[in-house]
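The listed protein sequences derive, respectively, from chains A and B. Every number in the working numbering is 263 more than the matching position in the first sequence, counting from 1. Every number in the working numbering is 806 more than the matching position in the second sequence, counting from 1.
What the hints contain is simulated information worked out from the structure, not anything from laboratory work. Positions of the beta carbon are idealized from the N, C-alpha and C atoms, including for glycine. A hint or two may mislead.
Said to hold, decoys possible - Only part of the chain B face toward chain A is listed, based on derived beta-carbon distances under 10 Å:
1) 893
2) 1127
3) 1130
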Amino acid sequence: MDLALAPETLARWQFGITTVYHFLFVPLTISLAALTAGLQTAWVRTEKEKYLRATKFWGKLFLINIAMGVVTGIVQEFQFGMNWSDYSRFVGDIFGAPLAFEALIAFFFESTFIGLWIFGWDKLPKKIHLACIWMVSIGTILSAYFILAANSWMQHPVGYRINKERGRAELTDFWHVLTQNTALTQFFHTITAAFLVGGAFMVGISAFHLARKKHIPIMRTSLRLGLVTLIIAGLGTAISGDLLGKVMFKQQPMKMAAAEALWDGEAPAPFSVFAYGDVEKGHNTVAIEIPGLLSFLANDDFSSYVPGINDVNKAEQEKFGPGDYRPNIPVAYWGFRWMIGFGMASLGIGMLGLWLTRKKLMLAPGLRTGEDEVPNLVLFKSKALSPRWGRWYWIVALWTMGFPLIANSWGWIFTEMGRQPWVVYGVLRTRDAVSPGVSQGEVLTSMIVFTTLYAILAVIEVKLLVKYVKAGPPELTEDDLNPPTKIGGDSRDPDRPMAFSY
Amino acid sequence: MELHDVWFVLIAVLWIGYFFLEGFDFGVGVLTKLLARDRAEKRVLINTIGPVWDGNEVWLLTAGGATFAAFPEWYATLFSGFYLPLLIILVCLIVRGVAFEYRAKRPEENWQRNWEQAIFWTSLIPAFLWGVAFGNIVRGVKIDGDMEYVGTFWDLLNPYALLGGLVTLTLFTFHGAVFASLKTVGDIRTRARGLALKLGLVTAVLALAFLIWTQVHTGDGWSLAAMLVAVVALVGAIVAIRVGREGWSFALSGVTIAAAVAMLFLALFPDVMPSSLDPAWSLTVTNASSSPYTLKIMTWCAAIATPLVLLYQSWTYWVFRKRIGTQHIAEAH
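Given only the sequences and the hints, what does the whole structure look like? Please build it.
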């Protein structure tokens, strides 16, 4: 059979397409849930209307986004059974448990309280309504934790034994699966990366409005919240990325060697800035390197030995038998760079933004602005950027919205493709994981159906987001400012329209 | 009773929860065409399930996840075997979720009408297909010695399973109509009752045929008892809606669903997916289940989480207990 259309290849493409697509919505959902909850908390505590309007504005964008996150997540729950039945049979005893935990604990939480939040504005007292969005936020984070624990087990299987008689892996220590350092660092990294997405989203949209001098007080607040989120998340992503990298150098040396296109082990090992090479022959023809830096990333010193692709390949051949244990090197190498590059670029743009729009620090009094003014963009103490340069910052800030999404996607592509040819590292090969009973036609059908459907939904979703972004924060009504005092709503007027209806 | 038996029961409970809850919201989706006279009424119907449909759907995800964890072989055989029907269901659930959230987000006539069409079809198709799927599970399908499904898509469309599909479709629509009568006010409530009565009678005929067929095919004493409960509850639900006791009728249509699903699981036990090729190749609670250790952990999780879920989901229904009518639907937002 033509390899390009082999069920394994198709199933992998389908998993890649549906998962990367799903993960465009996930990080924004995780971060916007918490940021919206934060804004609503500010409203409940200060009763300043701008916070309520901000809550409604970002809340609406959050809902448009989470709808897509939820529905594309359904596919994930069943895809293992559909396309990867041998995987499911082999690891279900271990892998199924965190998935079931995720559904029982996190999904129920998230989905039930999101309904209460959406429809609850005129049904729940202020504080209970606020609690609902926090519940949603907790649900999204718990959900991330369980699924990352499951994924971490694929990266670094622990707490299991092989049952030869049943021909499968069996769980022996669930606690270990949930708390191994792969799971914890991966969780730390993924959550901070999620907030990078949300922070950039807020910065970009606030910049869009501020550049047009619209909705200034709300967008000013949102810009600041977005920038601070972006910077904290950016630093967190860098720190957690370094930790995760060190874990990976130990647990999956092949992945990290591939990420650096380091063909042969070196001491000290250099960090590659640019490389172009010959995969077949196993060497680089062009390489620009920073000496010693890779040793530092792997082992915290500038001199230690880091094994290369050829070394690890040989070691794995000795351990697992003949074969090619190298992942797709260019994808791993460039995926790693796009991930870091786009992630850190958004951090840099955030830092620049926070400096440019600072309130007082090293800022001439004449350039300070009030709550209802667009902040001046000031690079040095007493000179604002020229309008032309200022406009450029707003434009760059708007484009930054996409950067963390690109970084997140490449991060996942890198970590999943970098583990190949294994689906569970060192235990189960990807080619042994597909459904033997599912035909090429079936996989092809589902791949075409999902891809087409997702493409159509992407257009619809983006258009809707743009519409609501442009519309800006809604005006508040009397009902908004007078939330009910009783659960189920006050019975002032039995025919009063619902605060929100589909 | 061993742990894998407990989990067989728990999986049944999850499916009962799913069909009880999403059953009426599928039904309400179907009624947007059968019952609503205009857009305002459509919106009333959609909003009766607005705050809850998402939470209802999680019962399915949990059933899926729990099957994966407790019976990996069942999960693998079922979803790789029933590939295309499951694909259709997934597509429907994706479009349906988006349709609810996005329908009112633009004022254009075309936009709203398309999403309304989507809500109808994506409620109707899964309501039918779940019955087909369960019909096939109970009847037994072509499973070989490696636990692989070796039949085709067309094998799944046999008379017994198709009848099963009609039963779930009509039963869910009936359940939805009763729910609508319980949650609405005004003219639509009266018509919901009238339609529920008619739907109830159609359901009764189809359900009776299907349940008897099941009983004759694979039943035992226990499944017969469950069947009798289902039949009595269904008759009770019809009588209750006839005399205008909407709450009772809804409770009883819920019991009907629960008892009917229980009957199917009782008819299955101890198999989880019988093979029609050779009984020795059937998937059973023993050969399809996870290790005792995994089942033990899962049991703890379920024992703690499930009551909590029931508690806060019930609370949601209490928060949104007020009936709604066309006057409660805001113009635009």
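Hint check results:
Satisfaction of the interface hint for residue 893 of chain B is found here, the shortest Cβ-Cβ separation to chain A being roughly 5 Å, below the 10 Å cut-off. The beta carbon of residue 1127 of chain B comes within 6 Å of a beta carbon in chain A, closer than 10 Å, and the hint placing it at the interface holds. The interface hint given for residue 1130 of chain B is met, as the beta carbon of that residue sits about 7 Å from the closest beta carbon of chain A, less than 10 Å.
In this structure, none of the earlier numbered hints is contradicted; all agree with it.
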